[in-house]
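Below are the chains, spelled out letter by letter.
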Amino acid sequence: MTTPCHESVPPCALAVQRVSKTFCSARGTGVQALESIDLAVGSGEFVVLIGPTGCGKTTLLNIIAGLDHSDRGQVCFEAGMNRENALAYVFQHYTLFPWRRLLANVAFGLQMQGKKRPARNAAARALLGNVGLGHFEHAYPHELSGGMRQRAAIAQALAVEPRILLMDEPFGALDDATRKDLQQLLIDLWQTTKMSVLFVTHNIDEAVVMADRIVVLSDRPGRIVKEITVDLPRPRDQLTKPFTSRLLEVRQAMYSGARSVRDT
Amino acid sequence: MRDPTRNPSAGDRSTLLGWTVVPAVLLAAWYVGAAWIDRPWLYPSPARVAEQLLHPLRDHFGLGSLAGNTLVSLVRVVLGFAVAVVFGVVLGLLLGCVRTLRGWFEPCVEILRPLCPIAWLPFAIAVFKLETVPQVFGVAHSGTILDHVQLGMIFILFWGGFFPIFTCTLDGVCGVRRNYISLARLLGAGRLQRFVHVYLPASLPMILTGFRQGIGTCWFVIIAAEMLPGSDSGIGYLLMYAADLCAMDVVIASMIIIGVIGALLNFAMRAAMRTFLRWHGKEI
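Protein sequences appear in the order of chains A and B. Its first residue numbered 1, the first sequence is counted upward by one per residue in my numbering. Its first residue numbered 1, the second sequence is counted upward by one per residue in my numbering.
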C-alpha cells in the first residue's frame, strides 16, 4: 500500500492519509485504535507524536513501518522512495541483537545489503564513534547500560542512511540525565544528516525540546487534536517564557483531547 | 597463600564438600557394609571394584576389556547422536518456520514422542537385521571398531536423541522475539537472511540445550539396548554378561564407568554452551 504522494504540498517525506485501525479484542468486540489520521512529515522535519498511553501512537508507527496493517487509508512516501529504502526504526526495547557484538549490530543493515565486511565495518566504526561508543565495538549489548544501548540502536538505524527515522519512545526507559544527553545527540545527528524524524513520546518536556512540530493525539480512538509548531531556536532553553508557554499549549491540547473523549 | 580479598562463598564450600567429604563417606559406608555382609561374590568391596577399574584393558570372558567395550558404546552413541542432530535440527527449523508443515506433522510427532526408543528394537532388528556400518559400504569385515556398530543400534539411538533436539529446536524457533524479526526486516533482511541471521542465532541456545538433553538420552538408551537381544558388545552388554556370571566387581565397575561418562558428556555440552554463547541468559 505504498504509493507516491499525491498531495501537492511542499516536499513531504512521508504522508499518512485517512488511516484507521480497529483491533479485535478477545471478547470479539472491536476496539478502535486510530480514527482517520492525516499526517505529513516534511523533508528534514522533526515531528513529535504525543498522546496518552494507549492512544495508538505505536500502532500508527507500526502501520507506517509496515509491521501492522491499517483497515483504511494509505501511507505514501516521496517520489522514488518506499518502505524498504526510506525507513529506519528505533524501538524502546529489544533494539539490538543480543548475540551480536556492537560493531556487528551496527553493521547489520549494511550486511543485509550485501556490503563487504571491510566496508561495512568501517562505516559501523565511524557511526559508533559518532554516537560516542568508539571504544565499545567488541562489547555485547548485555554488557552496556540502557543509555549506551539506545546510542548503539541509533547508530544501527543510521547505518542504512534512512530518509525517515521512526522512534517509538526511544528514551522512555532512561533516567533524566541520560535522556538529556541522548536528546542532544539525536538533535545533533538529525541536523547533520538532514533526515526526517517521526518521534513518539508521552513526555511533554521532551516533545517541546525536540520538535519542529508537535502532533497531539487524543485518548482512544486516537485522533489528531492539535498540531503545534515549535519555531524556537536550538539549542532550546527550557527556562525561557516562550518554551514554557509551548509546554502549556501542549498540555492544554492533551487535556482537551482526553476531555473530548469523555464527553462523547 | 590465601587471597584475603576472596571470601569463599557458601556455594564454593558446598561444592568442595560435594567433591571430597560426601563421596568419601559413601565409599566408607560401602567398604564397611561389604566387610560386614561378607559375601564378596554378591557385594564386592570397593577395593575389588577399584582393582578392575585400575586395569581397564584386561579382557573379561573373551568379550574384550572395560575400556574397549566403553569405546564401542561411545562410537555407537556418537554416530546415532549425529544422525539425530541432523534430522532434529533440520526438521525443527523447518517446522518452526513453516506453520503449515507444523500443522501436518504435529499429531504424528505427539504420538511418536512418548514412545520409549527401546520399543523400536524388534522393528530395528527386523529391518536392519544385524547389519553393521561397514557392511552398508560393501565391506564384510573392516577390522575396526565399526564392525560392532550395528545399524539397528544407530536407529534406536536416533529415536533417543531426535526428540529432545527436535523439540528444543522447534521451541527455540517459535520463541524468537517478534521484535528481533521486525528489527531485521526493517533493516532490510529478506526471508532467507532473517532465517540465517535471526532465527538461527536466536534459537541457538535452545538448540544446544536440545543437544545436551539428546546426548544424555542417547547414553541412557545405548546401555539399555546393549542389554537386549541383538547386541554383541558394548559396556551395557559386558555389564549384563558379567551379571550372569556373578562377577559383581565387573558389574559395579561398569556402572561407575557409565555414570562417569554420562557426567562427562553433560559437562562437555555445558562447557560448549558457555564458550559459544557468551550472550546467553543475558537477554536485554
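A portion of the hints provided could be inaccurate.
Computed from the model, here is a short list of chain B residues facing chain A with C-beta under 10 Å [said to hold, decoys possible]:
| hint | residue |
| --- | --- |
| 1 | Arg113 |
| 2 | Pro114 |
| 3 | Arg178 |
| 4 | Gly190 |
| 5 | His197 |
| 6 | Pro201 |
| 7 | Pro205 |
Derived DEER-like restraints, expressed as beta-carbon distance ranges [as the list claims (entries may be wrong)]:
| hint | chain 1 | residue 1 | chain 2 | residue 2 | range |
| --- | --- | --- | --- | --- | --- |
| 8 | B | Val109 | A | Asp205 | 18 to 28 Å |
| 9 | A | Gln191 | B | Arg278 | 54 to 64 Å |
| 10 | A | Glu143 | B | Phe87 | 52 to 62 Å |
Here chain B is said to cover these stretches of chain A; the calculated rule only asks that three of the stretch's residues, wherever they fall, bring their Cβ under 8 Å from a Cβ of chain B [to be verified]:
| hint | stretch |
| --- | --- |
| 11 | 74-88 |
| 12 | 99-109 |
These are computed hints drawn from the structure, not numbers from a lab. C-beta atoms are modelled at their ideal positions from N, C-alpha and C, and glycine is treated no differently.
Next item on the list: Please flag the earlier hints that this structure goes against, numbers listed from lowest up.
Entry: Hints 1, 2, 8, 9, 10 are the ones this structure does not satisfy, whereas the remaining hints hold.
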